Every structure is written in C-alpha cells, then in structure tokens.
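Numbering (the UniProt record's numbering), first residue to last: 1 to 502.
These are calculated hints, taken from the structure and not from any lab test. Watch out, some of these pointers could steer you wrong.
[Claimed, not checked] Using 25 angstroms as the maximum straight-line C-alpha spacing, the simulated PhoX-like pairs for lysine-lysine come out as follows:
| hint | residue 1 | residue 2 |
| --- | --- | --- |
| 1 | K166 | K339 |
| 2 | K67 | K127 |
| 3 | K385 | K124 |
| 4 | K148 | K105 |
| 5 | K166 | K413 |
| 6 | K343 | K392 |
| 7 | K343 | K437 |
Bear in mind that the values here come from a model prediction, so they are computed numbers and not experimental data.
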Amino acid sequence: MPSTEFPRIADFYEGKSIFLTGASGYLGVILLETLLRCCPGIRAIYILLREKRGLQPECRKEHIFKKQIFNKLREKQADIFNKVHVIPGDVTMPRMGMSQENFLKVIREVTVVFHVAASISFIKPLKFMLSHNAKALDYVIDFCKELKKIDALVYTSTAYSNSNRKEEVEEQIYRLPFPAQRFLDELNKDSDDGLNYLVSHCLPKWPNHYTFSKCLSENIILDKAAGIPVAIVRPSIIVSCWKGIRPGYIEEGSGMVDLALAIGKGFVRVLHGNPDVKMDIVPVDVVANTHIAAAWSVASGRSTSPLVINCTSGDVTETTLQNYTSTLFDMSEKYPVPKAFQKQSVTIQKYLLPYWLLSFFEHYAPAVVIDALLTITGRKPKLFKLYRFYEKAMDSVGYFLTYEWKFHTENFKNLERQLDHEDKENLYMDLQGFSVKEIAATIPIGAPLYQWEADSKKMTERKRVTHLRYMFTSCIKAVVLGLVLSIMYVLFTSVFRILAVY
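Please work from the sequences and hints to get the whole structure.
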C-alpha cells in the first residue's frame with residue numbers, strides 16, 4: 001500500500017539535517033540552491049569541501065554563494081545561508097577526512113546524504129578513477145552506517161555506467177563478474193596487476209575508466225549498503241537549466257557544456273561522431289529535482305531500495321548530434337561568444353581518416369603557426385597543447401557521439417507521478433516540451449559566466465573581432481594547404497619522371 005507519510009516533499013525535509021558532497025560542482029550548486037529555496041524548513045546542510053588551489057574550505061563556500069544562481073536567495077532570504085555549514089574533508093579518505101569533532105557532530109544530526117562528488121575525466125588512469133569514485137563511495141556508505149538515523153542516501157551515477165551494453169539499459173544494477181569488495185581490496189595494494197586482471201575480465205569493455213568506475217560504484221551499493229534506503233540517480237548528458245529561477249544557467253567544466261562552448265568560440269571545428277546519432281540530454285535543474293524527490297520517495301517507503309532512476313529524456317527531445325551542433329551554431333551566430341577564437345563552424349565526421357585530415361587543417365595547422373607567433377613575441381604557446389588535450393578527451397567522448405542507447409525510464413516517470421500538484425510545479429521532472437532549441441535560446445541570457453549580454457553594440461563588436469580572427473586563421477590554412485599541395489606536386493612529378501625512365 002502506498003505511503004501517505006509526508007505528502008509534500010518540503011514536509012519531509014522539515015527540521016532535517018543534510019550532508020552533501022560535491023557542493024562546488026555544477027550539479028551540486030544547483031542541488032544546494034534548490035534545497036534552500038524549495039525546502040526552507042531544512043535545519044542544516046553540511047557541505048564537505050577540501051582545500052583546492054590554495055583556497056581553504058570556508059573561502060570556497062564564499063565563492064559558491066557568490067555565484068549568480070544564488071542572487072534571488074541573497075535578495076530575499078540572505079539569512080538562509082546560515083543553514084549551510086562547511087565540513088573540511090575529502091571523500092577519498094576514510095571518514096571522508098573529517099576531524100573527530102566534526103564527525104561526531106554530523107553522525108548525530110544528519111539523516112539524509114547526497115553523494116554528488118565525483119572525478120569526471122575520460123583520460124585519468126584506472127586506479128585514480130576507481131579510488132576517487134568507487135572507493136570514495138565505499139567511505140560514504142561506511143559513514144552512513146555510523147549515522148544515528150539514516151533516512152536516505154542518494155548517489156549520483158550516470159546513465160552511461162553500463163555503456164558497454166550497446167542495447168537497452170534498464171533501471172537496475174548490472175552485476176559485475178566479481179564481488180565489489182575484491183576490487184576495493186586490490187585498490188589498497190601497491191601493485192596494479194590484480195586490479196587489471198579483474199577489470200580485463202569485465203566484458204564487454206567499457207569505453208573509459210569513468211563509466212566503469214560508476215558501474216563498480218553501483219555494485220558497491222548492491223553489495224555493501226544493505227539496510228540503507230538508497231536511490232541511484234543516473235543522469236544522461238547534463239545541460240543548462242531549463243526552468244527555475246535562472247533558465248539557461250551553466251557553468252564551465254560541465255561536460256557537454258564545455259564542448260558547446262568550444263564550438264561556440266570557434267575552437268572546435270571538427271567532431272568525430274555520427275551526425276545522426278540521438279543525443280540524450282537532460283537539464284541540470286531536472287536532475288537536481290530528481291535527487292530531492294528520490295530521497296523523499298525511498299525514505300517514506302513509496303519506492304523500494306535500491307531505487308535506480310534513469311534520469312534521461314529518451315524520445316522526448318529526439319535530438320541528433322547534427323541538430324545539437326547546428327542549434328549551437330545558430331545561437332552563437334545570433335549571440336557571439338565573448339573572446340571567440342574565430343568564426344563558428346563545425347563538421348561532424350563519422351570516419352577517422354577524413355576526421356584526421358580535417359583536424360590537421362582546421363585545428364593543428366593554425367595552432368602551430370599561432371603558437372610560433374606567440375613564442376616569437378615572448379608569450380607562452382598554448383594552442384597546440386590545448387588541441388592535444390582535446391583529442392585525448394575526444395578519444396573517449398567520441399564513443400558517446402557514435403552510439404546511442406535506449407534507456408528505460410519507468411522509475412523516473414513513476415517518481416514524478418508520486419509528487420503532488422505543488423511539488424510538480426516547484427520540483428518539476430516532466431520533460432514534455434523540453435527541447436535543445438529552447439535551451440540554446442536561454443543560455444545567452446542565463447549564463448553570466450560567459451557574459452553573453454544581449455547588447456547590440458557588443459554583439460556588433462564581437463562579430464567584427466571574430467570575423468578578423470577568422471580571416472587570419474583562413475589565411476594560415478590557405479598557406480598550409482598551398483604548401484601541402486606544392487609538396488605533393490613535387491613528389492608526384494618526381495615519381496612520374498623516375499617511372500618514365502623505366
């Protein structure tokens with residue numbers, strides 16, 4: 001029989017203390033803002049922050065609240081920020097690196113845990129990724145077992161945690177051939193041989209270490225989180241805010257957002273992928289709302305633990321890679337991106353040979369010449385290095401731009417149905433009406449990070465500067481093409497002359 005306890009989500013969070021990891025990341029920031037705005041009765045939110053780039057945790061908290069997504073809360077409820085408390089620590093350490101005093105405090109008060117923190121990299125080594133994602137989750141589960149009362153643990157996974165399965169992905173945890181503890185034991189050893197052996201027998205292979213680390217993390221929950229009400233949220237490709245208080249809000253370092261920015265700046269002009277592949281994109285605010293609702297659902301018994309939610313758009317958007325890039329191109333034509341490298345244009349190549357040839361002319365040829373000019377003028381060359389980094393990242397990202405998956409979303413839809421009318425308005429999850437064109441139209445207005453002010457004078461000046469840079473890079477490519485053709489002509493004529501002698 002369905003539970004009638006806490007009919008409204010805000011009632012569930014009334015007087016509760018929350019523990020949040022990953023609060024400084026894009027999703028973490030949106031989740032934190034939504035909790036404060038939609039669940040004002042929350043007693044306290046403890047955010048785990050480590051020192052980073054010389055900034056102490058308290059300073060990082062100040063940086064978080066300076067973000068423009070918090071503007072309305074600052075204007076109307078400035079005192080609500082007093083509910084947010086920093087806990088210095090690190091998810092990769094036992095007890096998450098907390099001091100004894102802080103640890104005793106949070107295990108006494110906290111009842112809901114959101115574990116959003118993750119290392120999202122497609123190029124980091126295997127052991128690094130498993131330590132920062134899978135082993136860190138193990139520490140979070142140990143922490144949850146120490147709590148005086150645990151209502152819910154919500155873990156942020158990814159819809160691509162089972163991307164080695166080129167088929168339908170259901171809302172379930174797919175078992176690895178070995179118990180999760182064996183992987184964790186091998187991570188504690190100096191040698192990587194045992195770990196590599198285990199991973200090599202997990203077939204079919206995953207496209208990168210990040211997605212495998214998320215699959216292993218889900219197995220850790222299955223093996224070690226018995227007795228804890230758990231929800232696993234699997235978002236697909238996270239894009240900007242859709243509705244909420246700031247539609248179009250994005251932050252740098254946000255997955256496909258970075259690729260969108262690189263295309264908008266004219267930095268990326270060639271992509272390796274299938275232009276007809278369907279891209280599954282989901283707004284960041286919908287993902288945050290799903291986290292909040294999932295905790296309420298498993299804690300109140302409305303859903304069975306572990307609840308797995310594929311937070312994906314499926315057939316709602318029907319966005320292809322070609323459509324996605326074309327929409328970004330149209331957006332940057334209307335609202336030129338500040339400090340654009342050159343005029344925007346992107347070609348999607350399905351096959352590697354034409355991709356590499358185009359990459360040479362569109363990316364590397366201008367990079368080498370411009371880096372040489374930077375060196376001559378006493379400045380640090382950086383373009384070639386940036387393109388090499390981009391290529392390494394694309395080696396793994398290209399997999400997701402080539403294949404598509406069918407994600408089952410029964411649990412996702414059922415969770416939305418559990419909400420009452422008011423919650424459906426505030427914590428919306430229904431993606432009907434969502435489209436990539438709508439998202440693109442709101443980014444220049446809601447993305448202050450990139451200063452896309454819709455000012456006609458600024459637009460005209462940006463277009464002029466971008467056009468000049470485009471002409472300069474076009475001249476470089478024309479000269480390089482001329483040199484290549486000249487070299488090919490000399491080589492072919494030399495070969496023909498030699499053959500003519502015989």
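Each hint tested on the structure:
1. The straight-line distance between the Cα atoms of K166 and K339 is roughly 39 angstroms, outside the 25 angstroms bound, and the hint therefore fails.
2. As the CA atoms of K67 and K127 are separated by approximately 33 angstroms, the hinted pair breaks the 25 angstroms bound.
3. Of the pairs offered as hints, the one joining K385 and K124 holds, with about 17 angstroms between alpha carbons and a cut-off of 25 angstroms not exceeded.
4. Restraint check for K148 and K105: satisfied, since their Cα atoms lie roughly 11 angstroms apart, inside the 25 angstroms limit.
5. At roughly 23 angstroms between alpha-carbon atoms, K166 and K413 fall within 25 angstroms of each other, so this suggested pair holds.
6. As the CA atoms of K343 and K392 are separated by approximately 24 angstroms, the hinted pair is consistent with the 25 angstroms bound.
7. A hinted pair counts as satisfied when its Cα atoms are at most 25 angstroms apart, and K343 with K437 qualifies at roughly 21 angstroms.
Of the hints listed earlier, those the structure fails to meet are numbers 1, 2, in rising order.
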